[in-house]
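Asks: Knowing the structure of chain A, use the given hints to seat chain B on it.
Number of protein chains: 2
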Amino acid sequence: MKVECTKENLKKGLFVVSRVVGSGNPLQVLNNILLKTDQGRIKLSSTNLEIGVNTWVGGKIEEDGALTVPAKLINEYINNLPTEKVTLESTENSTLKLESENYHTSIKGLSHEDFPLIPQVSDEPFAKIDAQELKNAFAETIWASAANETQPEISGIFMGFDQDQIRIAATDRYRLAERIAHLLEPARGTKEVILPARTVSEAYKILNISSGEVEIYFSESQVLFKFDETELISRLIDGSYPDYRQIIPKEFKTESTVEREEFIHALKAAALFAPDSNNVNVEIKPDGITVTASSMAAGENTTKVNAKVKGDDNSAIFNFRYLLDCLNNLSEKTIVLKMINDASPAAIVPTGRDNYTYIVMPIKL
Amino acid sequence: MKVECTKENLKKGLFVVSRVVGSGNPLQVLNNILLKTDQGRIKLSSTNLEIGVNTWVGGKIEEDGALTVPAKLINEYINNLPTEKVTLESTENSTLKLESENYHTSIKGLSHEDFPLIPQVSDEPFAKIDAQELKNAFAETIWASAANETQPEISGIFMGFDQDQIRIAATDRYRLAERIAHLLEPARGTKEVILPARTVSEAYKILNISSGEVEIYFSESQVLFKFDETELISRLIDGSYPDYRQIIPKEFKTESTVEREEFIHALKAAALFAPDSNNVNVEIKPDGITVTASSMAAGENTTKVNAKVKGDDNSAIFNFRYLLDCLNNLSEKTIVLKMINDASPAAIVPTGRDNYTYIVMPIKL
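From first to last, the protein sequence lines are chains A and B. Taking my numbering, the leading residue of the first sequence gets 1, the next gets one more, and so forth. Taking my numbering, the leading residue of the second sequence gets 1, the next gets one more, and so forth.
The following block holds chain A by itself, in its conformation from the complex (with noise of 0.2 Å):
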């Protein structure tokens, strides 16, 4: 292999296929990237055997070929370079040559032929979606899900294809956010899968430095996706997904419309005075909401909410931490807080957009 590639684009590549490698396998490949020529640009592969990742960036091929070399040293020369181009050249023992102007250098990497195969998935796209959709649906559901979750299932993502649209959802039993995503045409039939997380947060930070379309393909248990220059393939998890939807409630007691920053700053200040509970209290009265903490240790705290209040007066425990996450991860001035009571879930969902439903569980004392 011998190609030159300035170093922008380079980096850029690389940027993108580093993240799901590791640098302490004591398999020395898996903490290697692939270069690879194909078809007149030069492709850079990384996988963690869960995760494969393949870009593709524009270069001058002088000679077809591929080599490994490990991830995080190539990108941290690549990065440190100050120069505009670079030629990589494979050499005997698996060695690339990396030459630029005054800087002459060699790394060792392995044959390409130890890399593992990352798998090819179906060649029809089962859906499209917008890149900016996809990205504000996962920004909006993935953190709900189960950290360490000894039942698989609702470790991951769920993904449910019907018709125009993605129904997301992520859960760890306390809460639960659902975000419906608006695909470009209809999929090509209805699908239910579980997504790992961690592939989830991977396309979503792909998702940041794309634009236009993705298509998603499936095989039985892999999903692909398409970016501009980058396909993530990931395994899927086995099983099915709880039927959450039957938890959502139909009809709520007690609905305030609050500025999102305001109760945002109301319950970070309550949650200084509930620093091992992480219990506060929303009270919600006609004219607004009052959440309140108090800790032997500390001190306590009762801060006012202006609210357009509709419905009963109502109160519940809260953790701080579930109303928070899904608060700073919202776009809108305004949200609603709709209750039934202080033990029935308790729902927020965005002014103005009905594809966003926020579930929150009480605490029971």
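It is worth saying that the hints were derived from the structure and are not from the lab. This list has only true hints and no planted wrong ones.
Any copy will do: because identical chains look the same in the list, a pair fits if it lies in one copy or spans two.
Within a straight-line C-alpha distance of at most 27 Å, the following computed DSS-like cross-link-like pairs (lysine-lysine) qualify:
#1 333 - 85
#2 128 - 43
#3 72 - 85
#4 43 - 226
Please read these numbers as outputs of a predicted model, since none were measured by experiment.
Replies: Structure of chain B alone, referenced to chain A:
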């Protein structure tokens, strides 16, 4: 005590005093800051028994008094507060009531009588220096002192006052940074002291938000820096600082003038190929500097850096971290690297400035 204060003033004052306070000290009062009315202003104080900080902020004093409250809690509370003003009032049981618009809060504190006395230092300034000059001098030296040193003298920073200069020096035996700082007027005598590195680093952080003049006071075992609205008091380190001047070579065999950024890039590239040893080879020939490093595992790198060279060819092995520490903390476009041979101290000086010298020992393999 009852005072009204703007959030911005209080936030700034808390920021300054909170640095030296811990939050996990078993002696609770050492996690607290002291709030005290003082001649029409609010005085905030903190101490870790080695360093004490006092700062004053404006406010409306309605009732004189004093109280201590947990630094972390009041800091986080005030930082989160969206209001412009806040009223602070001490109530029975050493509690601080904070009132501002919709926010009603009580923070449990401790009596001001439990707060350690921050000692008074002499009332005559020993020296006066421009804040910017002192900040720059600290920035170019403090990182060179010995961390976790069994010999306490060199864990600190040396300050030698003589006429209108301070010699500020730090060393860990393998390298030495010396900066001559200019006083605004001759000092009230000659004096040599050693300051704890933590003290200098706290002073540096206060200097970052200070301007104008800094006064330096001494008592037998203590130093006081007086900034705009802030005082920092610290113990001094006992003992006498090594006579480091004798190791600074008077003459060198080779002097090469090189662009600082270019040299940094070359060292960082080499550093990637010296992962275990930190050793890079620096070779000087008439046409420039060549930096090389290699490792069995990673590969090898050679970078040529353009330089104006006077004197003999030369080469030596250095710990790249010791070179980068110095180069990263200078701001000049070019520096001069001076060498004798591969076993004698080398020097780095910034071009066009004679108040700074960095000495570094080569590695003998």
